[in-house]
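Please build the complex by placing chain P on the supplied structure of chain H, with the hints as guidance.
Chains as they are written, first to last, in the working numbering: chain H, 15 to 549; chain P, 15 to 549.
Among the hints, a few may not be true.
Claimed, not checked - Only pairs whose alpha carbons sit at most 27 Å apart, straight line, appear in this in silico DSSO-like list of lysine-lysine: (1) H:304 with P:57; (2) H:296 with P:57; (3) P:529 with P:417.
Honestly, the hints are just simulated from the structure, not real lab data.
Here the structure is a predicted model, which means the values were calculated and not measured.
2 protein chains.
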Amino acid sequence: MSSGGRSAASLLSGSNEAVRGELLDGILQTDQYQLTMAQLYWKEGLAERHVQFDFFFRSYPDYGTHQAGYCIAAGLGPLLEWMGDTRFGRPELAALAEQRTADGKRRFDQGFLSWLEEHGDFSAIDMLAVPEGRVVHANAPIATVRGPLAMAQILETPLLNRLNYPTLIATKASRVKEAARGGPVMEFGMRRGPESGAHAGGRAALVGGCDFTSNVALSASLGIEPKGTHAHSMVQAFMALDLGELEAFRRYVDLYPDEAILLVDTIDVLESGIPNAIEVFKGLRAQGHKPGGIRLDSGDLAYLSVQAARMLNDAGFEDVSIVISSDLDELAIWSILSQIDEEAPRYGLDRDSLVRRMMFGVGTRLITSHGDPSLGGVYKLVAIDDLAGSWEPAIKVSEDLEKIPIPGEKQLFRVYDERGLASADVVALADEDPFEGDLLELHHPHREVHRSMRRSEISRVEALLESVFEDGRRVDGSPDLGTIRERRALDLEQLDTGVRRLVNPHIYHVSLTSKMKQLQLDLVAEATGASGSIS
Amino acid sequence: MSSGGRSAASLLSGSNEAVRGELLDGILQTDQYQLTMAQLYWKEGLAERHVQFDFFFRSYPDYGTHQAGYCIAAGLGPLLEWMGDTRFGRPELAALAEQRTADGKRRFDQGFLSWLEEHGDFSAIDMLAVPEGRVVHANAPIATVRGPLAMAQILETPLLNRLNYPTLIATKASRVKEAARGGPVMEFGMRRGPESGAHAGGRAALVGGCDFTSNVALSASLGIEPKGTHAHSMVQAFMALDLGELEAFRRYVDLYPDEAILLVDTIDVLESGIPNAIEVFKGLRAQGHKPGGIRLDSGDLAYLSVQAARMLNDAGFEDVSIVISSDLDELAIWSILSQIDEEAPRYGLDRDSLVRRMMFGVGTRLITSHGDPSLGGVYKLVAIDDLAGSWEPAIKVSEDLEKIPIPGEKQLFRVYDERGLASADVVALADEDPFEGDLLELHHPHREVHRSMRRSEISRVEALLESVFEDGRRVDGSPDLGTIRERRALDLEQLDTGVRRLVNPHIYHVSLTSKMKQLQLDLVAEATGASGSIS
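Okay, chain H solo, but in the shape it has when bound (with noise of 0.2 Å):
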């Protein structure tokens, strides 16, 4: 290689910053053993071997004191961006090449090396995905990649990486949006968020139910309008200029006539703010514009909307919104709802006119998903090609039985009851068509617990995997913004609103078929020298 006798530290010294950010965003995104393994694999002449790996997650989002019942796959489209863009160069090659083990050796063989420039890539990769936007669930396949061991050995880490943090966003962002009553809510969140990854998030926050960000350069990238209000700051720059909330306040309102949304506790909420706040509003009425709103930062929110509802519609202003913020998330925002839905009626307000006005910045509770910040989801080995047209299923006979993964190659399918509501997943085997017969057995994943479904209570079946990368690129047609957020919708609609409470929600069904649910005890009892069989 041309680079050979360069160290990565001087490949990579603070004068060439350009490689270092190539290197953060590319390939080597990954974990060192999946590369060790890699090389293991092109050594005994199985790096070219196809199998399959499923991505799936094993338990909803636990808040502790709320659950998740449902997910929303997010991060897809990014993923397969990124897969699409990415190979091992120069770089990558230069810095592996540069890796010693303790005695000084290379670690990595050139002939390795040499293989990654030829097949370094993702383009003998198919996958296919539950499309990003739409409801998903614990233990059934949310993406399956098919290709060379080698190549599907490495994308597990930025796989994971760039599926796991958006769907758990994604979630949080749904549950927070159900909360609100849909009622408009704004993703606030990137100065508490990870780093770079507060884009993912807001995106993920976006494709779950948010309607804005207040994040620009997210905004400008999706190509939507950013929100926001004003700072404490700017009050106090006028404060300390000895110019004061209110002149703060109008030439604010003088500058975004309308569209300002006053900030209006810096000083005092019912003594200061929101008075100064409807003096402003009065002239901006008397020119003819209609005032933005008012946002709560602090203090008991449910009560000071009440009374900022009060004051506002005293002096007219029945329709400007009332903005509040400050660690809020589903449950802060359920409760502030009830607190005014049991408030407003004893100070004379409706309480669903007082609802509709709310708008809601929710900022670092959603985007570190606070009460479960990670998102379980794995991604595992369930076939290998047997060279005779079939693939042999693997499997992982772990410690704990709820970690035994579904083998093999497989369908997923979403079965709607008579209400047309989504009843079940149910996983089946790739070669047999499950719903054939006028019973439907179905098996849990781990336990053995099994109930029947007769053919007419279905009114319909889905088929959710649909093929999102073949030959190098997505062929997922590239779904914007506005299409996966109408995916969501629909199949919010379409649960069971047990199965979407913000506590202690019901059990949505994952099912095994008969069939594969046999396979999956027999690979157990080959691999232990047990038996099993369907009880």
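Coordinates of chain P only, in the frame set by chain H:
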């Protein structure tokens, strides 16, 4: 502007990935309200008025069942690099020119965009900061930014984004390293980490005490060796090919004879994994190699570690490492090592030898700061240039007394006691010498509590804030990771063990001098009309 007619969507459409990536990494990585406020300041002739903002956090991470008593500052280096490189360029100005209000008008005036074109970088910003890697405390300023109001305001979001999350993760890593009794800790979190933020998380983990990361791209960019073992999928693949676990191990150690760490829990740890590992280790020994170790990734890690040690010792492998992983954090490690302390002697094992051979792979719970996934660092306006050669202090009077910041231009000192241990961080006015008298009065930052310290109790006083950014570039000497890690180690040695305690730590004192306390009280009184004085 030359790009006037192009829409943001067209400028940023799928075909122009480079522009999209540039925007996501660039100066628009801020909240929308920073830009609308900046335009107001520009319109009011205040854009170039000098101000001071402080960065600080109000409370340590609280993980629920355990709490941090200190934090490790992290993220400063990458922040300073970014500040030196970024500015409002053509794509950013084009994106702002495309923003529209609801009635279709441009939100940003051409005059403001022209101002940004000329002044839209951080070359007029000066920053002082506590260096990366150092122990830092709640309520003490970790960074102070001085410069023109508009650009200092725009900096808020990217500064918080680049300091909050890394400081959170470095803090968690430091605790993990302490729980591991200084033993080797590897960061394995990329797959569950926050998408591209996993790089910042991995770097922060190294700052905070981890010895290695499995993240190949990050390691290469830092010029260090990544570490890893192998996955269950490798054993599964050999099993599916009817070769089995033993053959998988054999072929793996044949390729990596001097650094193989074998994952022994794919089938059964004690019945299959460890016996097979011992068999291949015997082969290695016969060839003159030194086996690396085994890894346990499920089950009762304490019990299995003890049993693994017994079996390995019986075969004469008393030195090979025992790596544990699987949802580890500081509390899990502490608990596992405590159990080993107790159980090892029952099996005739020397507990210290066993603990010394342990290594720790820490993933999800580190990179997400499990238990408390955000650091609430804030960036508050504390002073504004009065155009008469002085700083006019600024304050926000919140609903919550704990949120009232420390106003004005200031200094931060660390005071060491007779034992050479840090005993307090002291915030003073910029122009006072708090140590000139024999008695130092120290006031709580928010409560009416104070105490006295005699000069004779103080062995050393250290100024913590250093100049790190001037004239548009970093001036902190660009310390490497090793230097940063040494700072952490030294600071921890000088920290009381009570403050370092993993659960319910002793509270470290951050105090105001009498003059600073009086300034805070005066400003609150001025803003609210009440009066206050030091009790």
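Among all the numbered hints in the text so far, which are the ones the structure does not match? none
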